[in-house]
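> Sequence:
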Amino acid sequence: MPYIIFKNYFCLKYKTAIPNYCRIYSELTMIQTSTSIMKKERQMLIMKEINLHNRALSSDLSNTLNVSEDTIRRDLNELAEAGKLVKVHGGALSKSYQFNYSIVDAYAPEAKQTIAQKAAQLIKNDMFVVIGGGTTVSELIRHIPLDTTATFFTVSLLTALQLCDHSKATVIFIGGTIAKTSQISSGGEVISRFADIHADLCVLGANGISFNEGITDSDMETVQVKRAMMKASKETAILTISEKLDSVQRLRVCSLDEINYLITELDPDNVELKAYKRERLTIV
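Under full-length UniProt numbering, the residue at position 171 of the sequence shown is numbered 171, and the numbers go up by one with no gaps.
These are computed hints drawn from the structure, not numbers from a lab. The beta carbon of each residue, even a glycine, is placed where N, CA and C say it ideally should be. Some hints here could point you the wrong way.
Using C-beta positions, here's what the derived DEER-type ranges look like [unchecked claim]: (1) 59 with 187: 21 to 27 Å; (2) 64 with 278: 27 to 33 Å; (3) 70 with 149: 53 to 59 Å; (4) 120 with 89: 34 to 40 Å; (5) 147 with 282: 23 to 29 Å; (6) 165 with 90: 32 to 38 Å; (7) 188 with 45: 36 to 42 Å; (8) 90 with 257: 28 to 34 Å; (9) 121 with 167: 17 to 23 Å; (10) 257 with 187: 34 to 40 Å; (11) 172 with 38: 46 to 52 Å; (12) 117 with 59: 22 to 28 Å.
Using the sequences plus the hints, can you model the full thing?
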């Protein structure tokens, strides 16, 4: 637009003839600035959603942010190119699925460290423990004493590799079809193998948790595997940061009545946890 390049000259020389061009230029500048801010805020919200729930579908992000899926796809591509997330078909994953991901880089690291310290107290020598994956579980493993003699069963390659540092522990990877992005195995073979396991404790992270809907997730295969892991154990402990409280994903894993421990970074008597109190549920 030539009038933009020479706007000062036109506005000074033709005060009566060109006022609209000056106004239009000003409005265009404001719109461009506003659009830039909206994009920045939108991408921040996208990152928070993905880091909080580990994954997100483009369709869900589109509905939540009230923008087109094309806009979401462009945002996800930009964020992936910037190394902030892992782009997959239909959405994106948190970078926490990558093996070299550090707790320092994780979302809410201090909260997860507090949760890990609490959860580590549940794991005793000679126990059989079924354990999932994710950054909170990863931090838990760092808090388990290296001389622990427990036996661990897991579907997460990253969890299995991390547990190998515990020289006295037995680590059993339950293999099946491994998702290349999350490095977690799933499928009928995995569920079948868990049917033959009788563990003392199941330790899982939560994608979503609500006092009405219980524990929820967004992926059907993940839900099926988590159910099998819980069924294979006498007790189940759910680890979650408080930001996930009162959040609901598309698929239910179980009700709150089916878990034994809920571990957050909050004090057990915190008002945010009042609605989660159950007769069989210990809030840690």
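> Could you run down the list of hints and mark each one as holding or not?
How the hints compare with the structure:
{"no.": "1", "hint": "59 with 187: 21 to 27 Å", "in the structure": "25 Å, holds"}
{"no.": "2", "hint": "64 with 278: 27 to 33 Å", "in the structure": "30 Å, holds"}
{"no.": "3", "hint": "70 with 149: 53 to 59 Å", "in the structure": "54 Å, holds"}
{"no.": "4", "hint": "120 with 89: 34 to 40 Å", "in the structure": "36 Å, holds"}
{"no.": "5", "hint": "147 with 282: 23 to 29 Å", "in the structure": "26 Å, holds"}
{"no.": "6", "hint": "165 with 90: 32 to 38 Å", "in the structure": "35 Å, holds"}
{"no.": "7", "hint": "188 with 45: 36 to 42 Å", "in the structure": "37 Å, holds"}
{"no.": "8", "hint": "90 with 257: 28 to 34 Å", "in the structure": "32 Å, holds"}
{"no.": "9", "hint": "121 with 167: 17 to 23 Å", "in the structure": "21 Å, holds"}
{"no.": "10", "hint": "257 with 187: 34 to 40 Å", "in the structure": "28 Å, violated"}
{"no.": "11", "hint": "172 with 38: 46 to 52 Å", "in the structure": "49 Å, holds"}
{"no.": "12", "hint": "117 with 59: 22 to 28 Å", "in the structure": "38 Å, violated"}
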